[in-house]
Amino acid sequence: MTVAPDDLVSRRVTLGAAEDEAEAMFERGWTDGLPVVAPTPERVAHMLTGTSRDPGEVVAVVPPNLVPCTVEKVAVNAVLAGCRPEYLPVVLAAVEAACTDAFNMHGLLATTWFSGPVVIVNGPVAHAIGMNSGVNALGQGNRANATIGRALQLVVRNVGGGRPGEVDRATLGQPGKYTFCFAENEADSPWEPLHVTRGFGAGESTVTLFAGEAPRGFADQLGRDAPQLATNLADALLTVWGTRAVMAFDAFVVVSPEHARVFRDAGWSKQQVVDELHERMLRPGHELVRGSGGIAEGVDPAFAEAQIPKFRPGGLNLVHAGGGAGLFSAIIGGWASGALGSDIVTVAVRD
Amino acid sequence: MARVLLDPTAETRPDTRERATRPDTLDGRTVGLLDIAKARGDVFLDRIEEHLTAHGLRVERFRKPTFTKPAPIDLRHEIATRCDVVIEALAD
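Quick mapping for you: the protein sequence lines, in order, are chains A and B.
Quick note on our numbering: the first sequence kicks off at 213 and runs consecutively.
Quick note on our numbering: the second sequence kicks off at 62 and runs consecutively.
Keep in mind that the hints were calculated from the coordinates and are not lab data.
Do not take every clue at face value.
[Claimed, not checked] Taking lysine to aspartate or glutamate pairs in the DMTMM-like style, the calculated list, with each CA pair at most 20 Å apart, reads:
(1) B/Lys130 x A/Glu378
(2) B/Lys130 x A/Asp313
(3) B/Lys130 x B/Glu149
(4) B/Lys125 x B/Asp135
(5) B/Lys125 x B/Glu149
(6) B/Lys130 x B/Asp153
(7) B/Lys99 x A/Asp512
(8) B/Lys125 x B/Asp103
(9) B/Lys99 x B/Glu110
(10) B/Lys99 x A/Asp380
(11) B/Lys130 x B/Glu110
(12) B/Lys130 x A/Asp555
(13) B/Lys125 x A/Asp555
(14) B/Lys130 x A/Asp380
(15) B/Lys125 x A/Asp313
(16) B/Lys99 x A/Glu416
[What the hints assert, rightly or not] The calculated label-pair distances, taken between Cβ atoms and stated as ranges, are:
(17) B/Thr114 x A/Ser481: 58 to 64 Å
(18) B/Asp107 x A/Val221: 49 to 55 Å
(19) B/Thr91 x A/Thr383: 32 to 38 Å
(20) B/Val65 x A/Thr261: 18 to 24 Å
(21) A/Arg224 x B/Asp85: 46 to 52 Å
(22) B/Val65 x A/Gly342: 28 to 34 Å
(23) A/Glu231 x B/Glu139: 49 to 55 Å
Using N, Cα and C, we set each Cβ at its ideal position, and we do this for glycine too.
Please take these sequences and the hints and turn them into a complete structure.
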């Protein structure tokens, strides 16, 4: 939407003649520790050309301070983060998703666990704005990936008031809390994309938010058949949160093209891969009860005779991304799942 | 020319509120014990309850549905109307 800079309603902050712009923004606490782009009225007005939404429209109520956040405030933070205007609709959708009761951004912020919002982008918008779903998809170097995730975190920090050491109580945190955003490689995937699995149309654009920790690598370089790969991957997935945690934490597997090819060659659908993994992760309760194996952590002894799944139904999800070389995939472990913590949330990107 | 930036924050200031007056004594008071639903919080609160009841105090127990979310407003209201003092237990 075209808006004159003078019509923007955010408070004006006038810098002194001798103030360094970058230092002034650090001093005011507006940054995540990295330098930010100065949100001049002209830049914010330009950012708002990326959406047809009214600058005064409330996008979401942002925790922890439960502040109604307008399109304009999101745009100010998108400028800070380094976004281009065409990224703004994706940032708006990410803010909307993060601030749902189901996603529970407040609790995710407050937890001592490592997790933060992981943003997965699907549909035509990902290609249109130049997102990376290929080589180094989870890494640095792509402006859209880097700044969309960062903009979400800056909204939570600046608008919601969620700052490390205050409401953010993470024991260690993780680098993905600066930004963690990538697109799915839909074109080369053997499966339907994530947003279709989650009930959206293939032609729609969406963001999916997951309360995730940093990705960890999983390698299987020697096997060439799907059952063997599934067995090895299931073993690795058992370590999410620790081997004694069951039914309490979700996970994503970012399946790389070379691993996806193994499943494609076997004709395994996405659901079949998930089912095969679930089956391989069933464990007898007596191996998991508190005190067994000399480990205090564990499940209630009442479950000693049960066969216990690692993940709740719907708790294990697959997405396809990464470069064409490397028999590696990534596991992104979650946080307390479901009504007790956070659910995966997908929302449509609106122009 | 002065450089002007737009404030990225909520532009709000925290309210300062007086803390509730602390009672001089717990005699005759009702003490609420709030379990935030973290592992072993009940172990801690069971022990606190033993001490308080040994001193002749009335104790009421409450529990949040989950530690990951703020206490529901109804629960907060119930504690406020039924208790004079509340002890909240963190755990792990």
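Tell me if the straight-line CA distance from B/Lys125 to A/Asp555 falls inside 20 Å. Satisfied, since the Cα-Cα distance of roughly 19 Å is no more than 20 Å.
Holds or violated: B/Lys130 with B/Glu110, Cα cutoff 20 Å? violated (25 Å)
Between A/Arg224 and B/Asp85, does the beta-carbon spacing fit 46 to 52 Å? holds (50 Å)
20 Å limit on alpha-carbon distance, applied to hinted pair B/Lys99 and A/Asp512: holds (15 Å)
Using the C-beta atoms of B/Asp107 and A/Val221, is the stated range 49 to 55 Å upheld? holds (54 Å)
Are the Cα atoms of B/Lys130 and A/Asp380 separated by 20 Å or less? holds (13 Å)
Holds or violated: B/Lys130 to A/Asp313, with C-alpha atoms at most 20 Å apart: At roughly 10 Å apart (the allowed maximum being 20 Å), A/Asp313 and B/Lys130 satisfy the hint.
Is the Cα-Cα distance between B/Lys130 and A/Asp555 20 Å or less? Answer holds: B/Lys130 to A/Asp555 is near 13 Å, not above 20 Å.
For B/Lys99 and B/Glu110, compute the direct alpha-carbon distance and say whether it is at most 20 Å. Answer holds: B/Lys99 to B/Glu110 is near 17 Å, not above 20 Å.
Hint check for A/Ser481 and B/Thr114 - Cβ pair distance inside 58 to 64 Å: holds (59 Å)
For B/Lys99 and A/Asp380, compute the direct alpha-carbon distance and say whether it is at most 20 Å. holds (18 Å)
Hint consistency between B/Lys125 and B/Glu149 [alpha-carbon to alpha-carbon, up to 20 Å]: holds (10 Å)
Hints 11 and 16, counting from the list given before, are not met by this structure.
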